[in-house]
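Asks: Residue-level listing of the chains:
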Amino acid sequence: MAERDNSGGGLMNAPHTVYAGEFPEMKHHLPGAAVPWINALRTDAIDAFMALGFPGTRLEEWKYTDLRSLARHHFTPSATAVGFDATALQPWLPGNEPAHRLVFVDGHFTPELCPFNTLLDGVTITSLASVLDDAPDVLENVLGQNAGLEQPGFNAFNTAFMTDGAFIDLSAGAILELPIHLVFITTGIPETLSTVRNVVIAGANSRASIVESYIALQDATCLTSTVTEIITGEGADIEHYKLEQEGPSAFHLAGIYVRQGRDSRFTSHNITLGGRLVRNDLHVDLDDTGAECTLNGLYLTRGRQHVDNHTWIDHNKPQATSNEWYKGVLDGHSRAVFNGRVVVHQDAQHTTAQQTNHNLLLSGDAEVDAKPQLEIYADDVKCAHGCTVGQLDAEALYYLRTRAVDEATARSMLVYAFAADILERIRLQPVRQLLEQELAARLMDTGALRLQQEQAVH
Amino acid sequence: MLSIKNLHATVDDTPILNGIDLSVKAGEVHAIMGPNGSGKSTFAHVLAGHDQYRVTRGEMLYNGRDLQAMPPEERARAGIFLAFQYPVEIPGVGNIYFLKAALNAVRKHQGLEELDAMDFIALVREKVEMVRMDESLIYRSVNEGFSGGEKKRNEILQMMVLEPRLAILDETDSGLDIDALRTVADGVNQLRSDTRAFIIVTHYQRLLNYITPDFVHVLGAGRIVRSGGPELALELEERGYEWLNGITAGAA
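Residue numbers (the numbering used here), protein chains in the order written: chain R, 468 to 925; chain X, 178 to 429.
The set of hints was computed from the structure by calculation and includes no laboratory data. Since we're looking at a predicted model, the values are computed, not measured. It is possible that some hints are incorrect.
Unchecked claim - Quick look at which bits of chain R chain X covers, simulated, 3 or more residues with Cβ under 8 Å:
1) 851-865
2) 868-876
3) 879-886
We put the beta carbon where it would ideally sit given N, CA and C, even for glycine.
Can you make the complete structure from the sequences, with help from the hints?
Replies: Structure, rendered in structure tokens:
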């Protein structure tokens, strides 16, 4: 029996009711179960999720991302972290650089994998589950404040089922020299659900770099739902990296919600390399004067990958600045979606906002849907955007070949050049090197593959 | 070295070259002149292997090999070099990285070791000085934001580094001031040797004041309408291409 669609969009048949049905039993085992306000939040969340359901393609925000393939599976959280050899992690740790590292396996914090560096006073970096259980007060007016439950998507789902993640609390003036590295690993048990929630509270004039790595030890049809909420106090400077490197069968639904205070800076590097279906919702509220955000994004897709980046910047107050640079390289039958929404509210005079999204199609079967969306309600602003979808420059290719460079290498050089300026903005050297290597390796594959195909034709 | 017989080529089914015959031996410098639209640049790109042009008749043999069967990179490895009239800007690809990739591709083909970083830099610095180019340009993206003169110097730099057997210069002199023109000419004259040949495509005679050609050919409507020695260039300079219209018409 089909259910009625009451969400004004596209409620799909029932997959959400299965999850919701499991909630009453599951909630007793979730962190913070003994804390009334957390219980209430989870209950609100499951109600919101029941009302919204899985978003369907009739919703404008989900028009190009069809979740039917996701809805065909039923994902279950693993009871505990599966033990594995920590050395298996090595290839994924950028340059084996020292960092404040938290490792989560199938959604569970594994302290034995976290050689901690000495922290300054006034800096907390710990598992969110432990805070929910033992010291929840610090979260009471924070958790769920930015990631609204009413938004069609997976905030409500994530809030109802969140199991663990990082809690980062920087007191006023705290400056972290070493990056914070959050590693989220799926071990490869099919249909495992990891529900990750991270919370970052950056006090006035604090500064830190936070890297979220999502990796798979073995490819499997898993689902990672992750939400990161970040609050930057006056003059704080937070640099955030999200590196999606899961396997080609992974489903990955992510939200990053940022609320910025006066003169604070937020820089995001949102890099998607893996996953079968990836959705990133990145929402920044520029909530006070002088706030500045820079959003860099790069997606490299191939095979049948589907990557959807929805960014949304609200200029709520005057004299704030947003810069956005997203680039995509699409090969095979892959598909990418970019939706860049910038809203300059009435109050936000002297806003500076610029956005670019450039896409390179390497295959005739790849497809991109790009939509810049500027809504300007103030009259004294500087806003610009540009969006392109194109192929490799045939004249540049020819020029390189007349200089003895073979076609496959020439293609690789041009693709690398296209993506390189996003990587050049990455300040953390080990992360940049890791990505440069990954990009080079990926291009080598592509180049070699194409050459083989060509030789097969001749 | 190069033997071209009855070469016909089209672009988008429009005939541009209509039967070119040309023979170039090692050690020779040939100038190809002609009015705009006579097919000079097309001829240069057909030799380099641009896939926009289709050879419909005739043959091109380079050291006995059929050029048509060779993609542009193979022609380059075999020693053919085209200095572009409009060098292509390639944002994001470092000029020096590009030079290194090109040189190593050529060296690999010749069975030579790749140059190590130190030797390569030393070589490039030496050539950069020869072409009087601002050294900072080698660390920028290929031709990106270069002035017209800088682009042409960059072409000559590539030629000096790659040391081709057959260099084709496509209107390298156009838009150059006298200093840059001299630099281009010096580059060619330095490379001139018994084992190397040049085809200099130009609209004006002035580059030939500095590079004395062995042969001058005049192109009209896609074929060579007149060949001669260096004096032919001077005659053209004096009388203009109009003078040849009668000859072209007569030949037609």
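Asks: Work down the list of hints and note, for each, if the structure agrees.
Replies: Evaluated hints:
{"no.": "1", "hint": "851-865", "verdict": "holds (count 4)"}
{"no.": "2", "hint": "868-876", "verdict": "holds (count 8)"}
{"no.": "3", "hint": "879-886", "verdict": "holds (count 5)"}
The structure shown violates none of the earlier numbered hints.
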